[in-house]
Structures are given as structure tokens and as C-alpha cells.
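Visitor: Listed below, chain by chain, are the residues.
Number of protein chains: 2
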Amino acid sequence: MRFELLASDAASSARLGRVSTAHGAFETPAFMPVGTHGAVKALSPCDLQAAGAQIVLSNTYHLSLRPGTNVVKAIGGLHRFMGWPGPLLTDSGGYQVFSLAPMRKVTDDGVEFRSHIDGALSFLGPEEAVRIQRDLGADIAMVLDECIPYPADRDIACQAVDRSIQWAARCRSAHSPRAAHAGHEGSQALFGIVQGSIHEDLRERCARELVAIGFDGYAIGGLSVGEPIEQMLEVAGFTAARLPADRPRYLMGVGTPADIVRAVALGIDMFDCVMPTRNGRNGQAFTSDGLLRLRGARYRDDARPIEDGCPCEACAGSERVKNPEGSSNAKRPLAFSRAYLRHCVNVNEMLGLRLISLHNVTFYCGLMARIRAAIRQGVLGEFAEAFLGAYGKDGDDTEEG
Amino acid sequence: MRFELLASDAASSARLGRVSTAHGAFETPAFMPVGTHGAVKALSPCDLQAAGAQIVLSNTYHLSLRPGTNVVKAIGGLHRFMGWPGPLLTDSGGYQVFSLAPMRKVTDDGVEFRSHIDGALSFLGPEEAVRIQRDLGADIAMVLDECIPYPADRDIACQAVDRSIQWAARCRSAHSPRAAHAGHEGSQALFGIVQGSIHEDLRERCARELVAIGFDGYAIGGLSVGEPIEQMLEVAGFTAARLPADRPRYLMGVGTPADIVRAVALGIDMFDCVMPTRNGRNGQAFTSDGLLRLRGARYRDDARPIEDGCPCEACAGSERVKNPEGSSNAKRPLAFSRAYLRHCVNVNEMLGLRLISLHNVTFYCGLMARIRAAIRQGVLGEFAEAFLGAYGKDGDDTEEG
Chain Z
0 MRFELLASDA ASSARLGRVS TAHGAFETPA FMPVGTHGAV KALSPCDLQA
50 AGAQIVLSNT YHLSLRPGTN VVKAIGGLHR FMGWPGPLLT DSGGYQVFSL
100 APMRKVTDDG VEFRSHIDGA LSFLGPEEAV RIQRDLGADI AMVLDECIPY
150 PADRDIACQA VDRSIQWAAR CRSAHSPRAA HAGHEGSQAL FGIVQGSIHE
200 DLRERCAREL VAIGFDGYAI GGLSVGEPIE QMLEVAGFTA ARLPADRPRY
250 LMGVGTPADI VRAVALGIDM FDCVMPTRNG RNGQAFTSDG LLRLRGARYR
300 DDARPIEDGC PCEACAGSER VKNPEGSSNA KRPLAFSRAY LRHCVNVNEM
350 LGLRLISLHN VTFYCGLMAR IRAAIRQGVL GEFAEAFLGA YGKDGDDTEE
400 G
Chain X
0 MRFELLASDA ASSARLGRVS TAHGAFETPA FMPVGTHGAV KALSPCDLQA
50 AGAQIVLSNT YHLSLRPGTN VVKAIGGLHR FMGWPGPLLT DSGGYQVFSL
100 APMRKVTDDG VEFRSHIDGA LSFLGPEEAV RIQRDLGADI AMVLDECIPY
150 PADRDIACQA VDRSIQWAAR CRSAHSPRAA HAGHEGSQAL FGIVQGSIHE
200 DLRERCAREL VAIGFDGYAI GGLSVGEPIE QMLEVAGFTA ARLPADRPRY
250 LMGVGTPADI VRAVALGIDM FDCVMPTRNG RNGQAFTSDG LLRLRGARYR
300 DDARPIEDGC PCEACAGSER VKNPEGSSNA KRPLAFSRAY LRHCVNVNEM
350 LGLRLISLHN VTFYCGLMAR IRAAIRQGVL GEFAEAFLGA YGKDGDDTEE
400 G
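Note that the protein sequences, when read in sequence, are chains Z and X. Position 70 of the first sequence, counting from 1, maps to 69 under numbering that gives the first Met the number 0, and the rest follow consecutively. Position 350 of the second sequence, counting from 1, maps to 349 under numbering that gives the first Met the number 0, and the rest follow consecutively.
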């Protein structure tokens, strides 16, 4: 993996960059749609490319339970399995073990846990996390860290930081000791994860020790777990400022469009969040004016698309008209009205959920493109002010339901 | 609507034709995917075009309950509502009233029934069926007929035929008395429906009286409702032979790939069936070798696509790589393995259901294209023999589950 820093914003900590991997490059700041079970819910790789996604995240925990890492490996790795040809990041599985498993026992060795599917006993330690992610073959792997809930006592947070640093070092050793640091595109990158809850001294120490170990990139974990937004941004900015400028910075699990715009100004390069797809499946569409809750009666006979000017299949129809016979009289499919999408949601027609999810991922990826253009042009501050001013003004609600 | 008969098979009753409507033309023999709630389940109009579908069917009963015909009309009609720019056929709603409504009272006037959604009392007569379908604006509308179960006493079947003929005449009068017969592309066509259960004399009388009234096309209804396949084909062939050669013939609700191949040889031009999408949602994929039940453990690490050579997104990946920014390094999405599709079905990942449905509709539309090519080349008999010989030989089962 290779990271190029292309520009830095004069008025903020925002950066423009490019990450090159064996499966292609992605521009930063980047948004990664989340493919929990090896699929970004309702969307195909073709949909994701059309939406402008350049990198996708997939969850190790879910894949290792079903279908099992061995199946993915037998098919030729996760890219081939998912049908996604571009850059791919896998998490360590730790976050889901800590949030989903019905039983878990944490020791310095790792985590013993039971599957939330069938209760089967399993063990995940740093070496296992590295081995599984190597079998999956993602372009970017994440270290195993200990995730704690919010709020957490300082003692608990301190212990989790100690353990996360030890595990990170073991992941580094098991992965490819320092070799990846040469900036070679072809090998799997490994990112460290800074923990420390909302305690700045813990965050600072964790960042320092991880940088001493040396990783290809650094994530900020343990945020967006219930703390107030302002506190999340404060800790993210504090932590980002303590990470090396020549490595990408990834704020895990964040967030709303407004969170992302603000976090970019703090120096964050990568984001992931289930909101575009989860809200899409709930019939909620993101727009520059805020969130539209399409189940609402107000959209019953609203002939407008979700958002004028959006290039997605829901808002603009599609150019794809050729068929296997190359029939010449096929017309371009039409755009979809809010009334139609509301109808689909109300009758549980999965096409509606897919179209709204596709719109939402297009909105997120389009937002990142607008952010990158603003950094390139040196107008990020103006862009952010205009975006944050408009967002939520005319939507029927401003945040996730 | 205009029907051109382009070729007739010398060795059978098969015909090659073209139907032109205000929304474009479709070639016959044609297969119509079924859009129950104004959407072909899991598939977008763009998917349907890519699959080779040239005409789509939508169900009046479901649309009139939700979102209501007035909503569809307000949005600009069913084409605009669904986003489907091509030829569109609506049924009369009668079949669903007779099969789904929890209460119904049939008189010569029409059917009083309760909605299966909320129990609301409603009435559907010939004039209402015509008015609703005019509001929806489909290119082809169907008359209201009385649908009876199989088996049915001759007396019941006879009464249903009498009533269906009277209703057909009233639909004709309410629709556009004889005007559509000029072969004009722009106006909505109206098809009559031949009933008569398995009784040939009733079928013959019904066909004769409908032809005397005069319709733009003729459907054969009341089949594929539980009778043996051989009997279905016998009645379909008998009835088709009593319909005018210069009008398209539509065998409603049929059927399996093998049924379609055999019915084409009897002179049928149009088909509709929910099997491609229903079986797709059950994880069952159609191939030239028969049906693959992809939930099966045998596909756990099967790296092959559903069917080699199939052009669908599931089997061949996709050419669609451009994104809103026109990013240049995007690679072509990869094809999907049976193992991946099985995984998606097993974890309820809707992408899998969509991909299998897309494959199945592509298979059905591709079958129609192969049938048309065989008629054009005068080799339908050879094609049918080879197809029917291979179908079911190597699939893991031969028919619908």
C-alpha cells in the first residue's frame, strides 16, 4: 500500500490524498460502504462503482462465522468471493465480538466467545485476527483491539489501551514485521487502532506507542459509541493531530454527513458507516437538505425524485439499456418518484430498499468528491459552512431515526 | 397496438411476430416478467432491460389496493410510476380477486370483495376493470373474466364462460368500441380471455364468441391452475387453433421453461409467470440443465457461476464501471460463484436474491430469444428436442419446489 499526500488545507487540518493498493487506488478523504456479510446490503459491486465507491469494508467476524474463512479462501479470497475488484478493507472482528457475542472472556491472550448464530465456542487473538484477514486477502487489515463501551471508567479504559497496544504489537509481528513500510503497493497493509475512550492522555499514549511500533495507517477507534458528537469530534481531532502526517487516518464507524464534513477538517482521511444502507432499508434518504423519511404520508403523491441532480439510478434513471440481443428500441429507464419509493417501502418491495440504499451511498460518495474538490480548490471552509448550513434545513428530519 | 406475423413454423403451429405499442415494440414469442406491486420483485427496469425483457406485466388488483390507482395516475401513469419505459400489460385484477380476496360475491354485475390487506369492501365489474386499467395507462389491458378453480363441475365452468363472455362484451364497449382494431400503435389494446376449464366445447364456444366481439389479442385463461401439464398443453393447443392468426395469443400464468417451449409449438405468442422471480427468491436458479437449488450444501465451495456463458450480472459480472467522477482505475466487477450466492441466500442477504432473480429472468428471456431464432431458421423442432432432452438432466432437480 502506498499513501500520497496531495494537498493540505491551509485553514484546517484537512488533507487530500491517494492510497494505492494491489487492487487499485482510492482518493482520500474516502467513504467506505460496509459489507457486513461480504455484501453491501442490497447493492452489487456494479451498483457500488456506479455510486462512486472506491473502497469497500467487510466484517471479518460475520464472514468467519458464515460461510467460514476457509470457504472464502477456497473461492479465491474475498475480492473474488464478493465480486468486488477494487480496494477492500477488513476489520479484525474484535468490534463485533465485543458488541454481538452473547458470551466473551477477555484475557491478555485474546477473546474467547460464543457465536451469536449458533453459540459455538471460538477464540480470537491477535495472531488469529491476522491469519483470518490474510486468508480473506483484503488490501488493508486492522489490528485486534479491545473495544469498551461508553461511558467507561478511566481504569477500564487504561487497561484496554494497555491490552490494545500489546495486541497491536503482536499483530504487527504476526503480519509482516515492518516489511510493508517500504510503500509497496502489492502487499496487505496493516492499520493500528488508537483507543483510550474520551481520555486525552490515554489517547496520546496509545497513539505514541502505536506509532513507535509502526503501521501503514492509523485508525481512531472507540468513538461514535454513544458519546456526544462534540466530544467525539474533540477526541478525534486531538488524536488525529498526534498521528504521523504521512500515513492515512481512519475514523471508525463515523458517521452522519455533517460528522464527516467536520471530521475531515480535523485531518481524517477515511470513514465507514452503515447509515447509508441501514437508513436506506428503513426508507430514509439522505439529501443536501437533510434526511427524507419516505414512509411519511407527505410523499404519497410526490412526483419528484429524492434529489434533483443526483446521478443515481433512483434519481436519474439509468443509461444501461443494452440487452443480450442488443435490441434497438429499448428506451432509457425513467427516474423514480418519492411516491413510488414510498410505495415500495410500504409494500416491502425490496427494489425500493435497494434504490434508496443506492441513492444514499451515491450521496455519501458524492459528498466525499465534493469535499475533495473543495480541498483541492482551497475552499473547504466555505464548502463546510454552506453544507452544514443547508443540511437539515428542509429535510423532514435531520438525523438518523 | 399493431401485430405483425413475421414467420410461421412449417412443422408446428409456432409463429414469429412483433407487437408495436406506443412505448415500443416486443418480439414474439415473448416472456413477460411479473411486477406484482408495480415492481418485478428485486429488479429495476434497468435490470429488466439488461435481462432482455421487452414487455412487463403488472397486477391491477395489488396496485388498486396500494398505493391506489389515483396515486399512480397522479404520478403520470404506470410507466412513469414503475420507471419502465417499454411495453406494459396489466391484468384486470379478476384473477387476484378470485384467488386472494377473503370474501367475494359474484353476480352478473361483477364481484364484490374484501381487500386481503385491510378487509375494505370493494367492487370490480367490467366497467371498473376498464376504467382502472385506463388510469394505469398500460399498453395492453385485459378484460375482466370469471376465474374458477380446477377441477370444476361442467355446470360451474359453463356459467363462468357465459359470464366471462358477457363481461368481455361490456369491457369492449366501455373501452373503445372497435376503434382499436385499426392497428393503430398509440391506443391501449384490449385482449379477450378464453375460459372453459378443460372442456373443449366450452373453450370453443368461448373463443368463437370473443372473436365475434373482436379484440386486439386473445388470452387463454383458467389453465396452469392445478391440472396435469399434458392436459394444460392439450387445452392450450386446442384453444389456440381456434383463435385468429392475425392476433397475438397469450397463455396466462405459464410456466416452466419446458412448458413454454412446448406451448410455443402450439401457436402461443405471449407468456407470463412468477417462477423466475419467485424461485430466485427461494435460492433456485434456472439453467439449461435444470433447476439448481443453491441452498444445498453441495454448492458450499462451488466456484463456478450459475451457468457458463450466461450474460447476466450474476454469471458474467458487469461492464458498468463508470462512476459519477469517471474514475479511471475502476476494474470490471467480477462474476459471482454459486458458493457466494448460496452464502447470500443463507444469511438473507438480499443481493443474492436479486442476482438469482436477475439470472432467472435473463434465462427466461434468453430462452425466448433462442426460440425466436429457431423459428426464424426453421429449426424449432430440433431446438425443442435438444432443449427438452437436456433440461433436467444435470440440474439437481427439474421442477419448481
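The hints are simulated quantities; they were obtained by calculation from the structure and are not laboratory data. These figures come from a predicted structure and were not determined experimentally. Check each hint, because a few of them may be wrong.
Computed, partial: chain X to chain Z, Cβ under 10 Å [to be verified]:
1) Ser12
2) Arg297
3) Asp301
4) Leu350
Beta carbons are placed, not taken as given, at the ideal position from N, Cα and C, and that holds for glycine.
Visitor: Hints first: check each against the structure and report whether it holds.
Guide: How the hints compare with the structure:
no.: 1; hint: Ser12; result: violated, 24 Å
no.: 2; hint: Arg297; result: violated, 13 Å
no.: 3; hint: Asp301; result: holds, 9 Å
no.: 4; hint: Leu350; result: holds, 4 Å
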